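Trainee: One letter stands for each residue in the lines below.
There are 2 protein chains.
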Amino acid sequence: MTPSRETPSLLSADHVLHTIAEDLAHRFAGVFSPETVERYVFESYTALGRTARITSHLPPLTERFARERLTALAQSKGQAPHDVPEVLLVCVQNAGRSQMAAALLDHHAQGLVHVRSAGSAPGDALHPRAVEVMGEIGIDLASSFPKPLTDDVVRAADVVITMGCGDACPIYPGKRYEDWELRDPADSSLEQSRQVRDEIDARVRQLLSEIITAPVADH
Amino acid sequence: MTPSRETPSLLSADHVLHTIAEDLAHRFAGVFSPETVERYVFESYTALGRTARITSHLPPLTERFARERLTALAQSKGQAPHDVPEVLLVCVQNAGRSQMAAALLDHHAQGLVHVRSAGSAPGDALHPRAVEVMGEIGIDLASSFPKPLTDDVVRAADVVITMGCGDACPIYPGKRYEDWELRDPADSSLEQSRQVRDEIDARVRQLLSEIITAPVADH
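Chains R and V are the protein sequences, given in the same order. Going by this note's numbering, the first sequence opens with residue 1029, and the numbers climb by one from there. Going by this note's numbering, the second sequence opens with residue 1029, and the numbers climb by one from there.
Hint data in this document are derived by calculation from the structure and do not stem from the laboratory. Mixed in with the good hints there might be a few duds.
Chain copies aren't distinguished; within one or between two, either way the pair holds.
[To be verified] Derived SDA-like pairs: lysine to any residue, alpha-carbon spacing no greater than 20 angstroms straight-line: (1) Lys-1105 to Ile-1167; (2) Lys-1105 to Arg-1222; (3) Lys-1105 to Glu-1066; (4) Lys-1105 to Ser-1217; (5) Lys-1105 to Ser-1061; (6) Lys-1105 to Gly-1151; (7) Lys-1105 to Pro-1062; (8) Lys-1105 to Asp-1229; (9) Lys-1105 to Ile-1165; (10) Lys-1105 to Asp-1042; (11) Lys-1105 to His-1135; (12) Lys-1105 to Leu-1089; (13) Lys-1105 to Trp-1208; (14) Lys-1105 to Arg-1183; (15) Lys-1105 to Ser-1171; (16) Lys-1105 to Thr-1047; (17) Lys-1105 to Leu-1169; (18) Lys-1105 to His-1043; (19) Lys-1105 to His-1046; (20) Lys-1105 to Ala-1153.
Keep in mind the model is a prediction, meaning the values are calculated, not measured.
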């Protein structure tokens, strides 16, 4: 039996992923075994590749996704710093609402909380309207990308905010869960998307005032 | 900060999942660490929960999914038997085409190949029309469920068949890849679904004749 299809660019991804795994194994030495890190890298690659539009860009995103997941897992095991509240924002596609909320929370929190986001059925790219209305207030979503919800980021979270994704997120004890009802920018006009952005902004400020005691700055 | 939502049924899932992880750790003792097995169980649960319609049924499906993934991973590392060709069938939802193909291949192969299936964007249940037209030829899909494509099952495969899922499946060296163009039963009438079933049946028999030397029985 011989391979019936040859794809040199993707074959070399295998090599790049092994290099990423070696680097991350070094970074997480003493916390996770090289085998665990390699599993995270390859499963993260396959998970992003399931829904990505352009798979040639995946290795650098895989590195970020796997690193963030391993960091979350290490935090949940008490093996990485957990100095500020961890907030996880989950919507369906991780292409609009949860990305806007994550960026706004990160912006206002000024390092006083750490933010992650994910989707129950991730889209293949951010929604252009979400990128546009965030750009209008000076927040750049260019480096953001949709990611599937994983157990590790739920475990690491102190606060989980769901937006329109039903029961997709596991419920674990000791965390604060909230569900926000918001219009999906994917189904909205530009003006409606601005309203969603501003509603998210108000909710994010309210949340922030409840989970930290320091004053919340204006953008 | 206190939990703002109490969901006893899902909190107890946490306990059930730990029990599943302990049992699987025992089964895979000497192959995988208990930590690796626990990660597989919880990530499998979250992965199925992302798209499941009824999350209360998830623990038993999680056990099967995690066990199959760990077996595939052990095979790819040479730590579990790999006596017959492993065939992986991938479509978008793992709700129609890949499930029909997996069931037909398993039926005809009579143990001479081992079959797995997965989807790039798994649906929340099997497509009723796929279940119906397979039932007409005496093959029961009642215990099948849509599963996301994972790296471990690709690694373990000797043959990967993709059906309409684009480049979602990683390409690794040393495997046979084929792409089958088939109508999606989700967009088809009952009669068209029967035609898809019969076309899959012919392709599956052809594939089987190429990967094993024993004669292929009629159903």
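Trainee: Indicate, hint by hint, whether the structure satisfies it.
Mentor: Hints versus structure:
no., hint, in the structure
1, Lys-1105 to Ile-1167, "neither (33 angstroms within a copy, 45 angstroms between copies)"
2, Lys-1105 to Arg-1222, "neither (39 angstroms within a copy, 51 angstroms between copies)"
3, Lys-1105 to Glu-1066, "both (19 angstroms within a copy, 13 angstroms between copies)"
4, Lys-1105 to Ser-1217, "neither (43 angstroms within a copy, 51 angstroms between copies)"
5, Lys-1105 to Ser-1061, "both (14 angstroms within a copy, 16 angstroms between copies)"
6, Lys-1105 to Gly-1151, "neither (30 angstroms within a copy, 32 angstroms between copies)"
7, Lys-1105 to Pro-1062, "both (17 angstroms within a copy, 14 angstroms between copies)"
8, Lys-1105 to Asp-1229, "neither (32 angstroms within a copy, 49 angstroms between copies)"
9, Lys-1105 to Ile-1165, "neither (37 angstroms within a copy, 51 angstroms between copies)"
10, Lys-1105 to Asp-1042, "between (29 angstroms within a copy, 16 angstroms between copies)"
11, Lys-1105 to His-1135, "neither (27 angstroms within a copy, 45 angstroms between copies)"
12, Lys-1105 to Leu-1089, "neither (24 angstroms within a copy, 26 angstroms between copies)"
13, Lys-1105 to Trp-1208, "neither (29 angstroms within a copy, 44 angstroms between copies)"
14, Lys-1105 to Arg-1183, "within (9 angstroms within a copy, 29 angstroms between copies)"
15, Lys-1105 to Ser-1171, "neither (28 angstroms within a copy, 35 angstroms between copies)"
16, Lys-1105 to Thr-1047, "between (26 angstroms within a copy, 19 angstroms between copies)"
17, Lys-1105 to Leu-1169, "neither (30 angstroms within a copy, 40 angstroms between copies)"
18, Lys-1105 to His-1043, "between (30 angstroms within a copy, 17 angstroms between copies)"
19, Lys-1105 to His-1046, "between (25 angstroms within a copy, 15 angstroms between copies)"
20, Lys-1105 to Ala-1153, "neither (31 angstroms within a copy, 34 angstroms between copies)"
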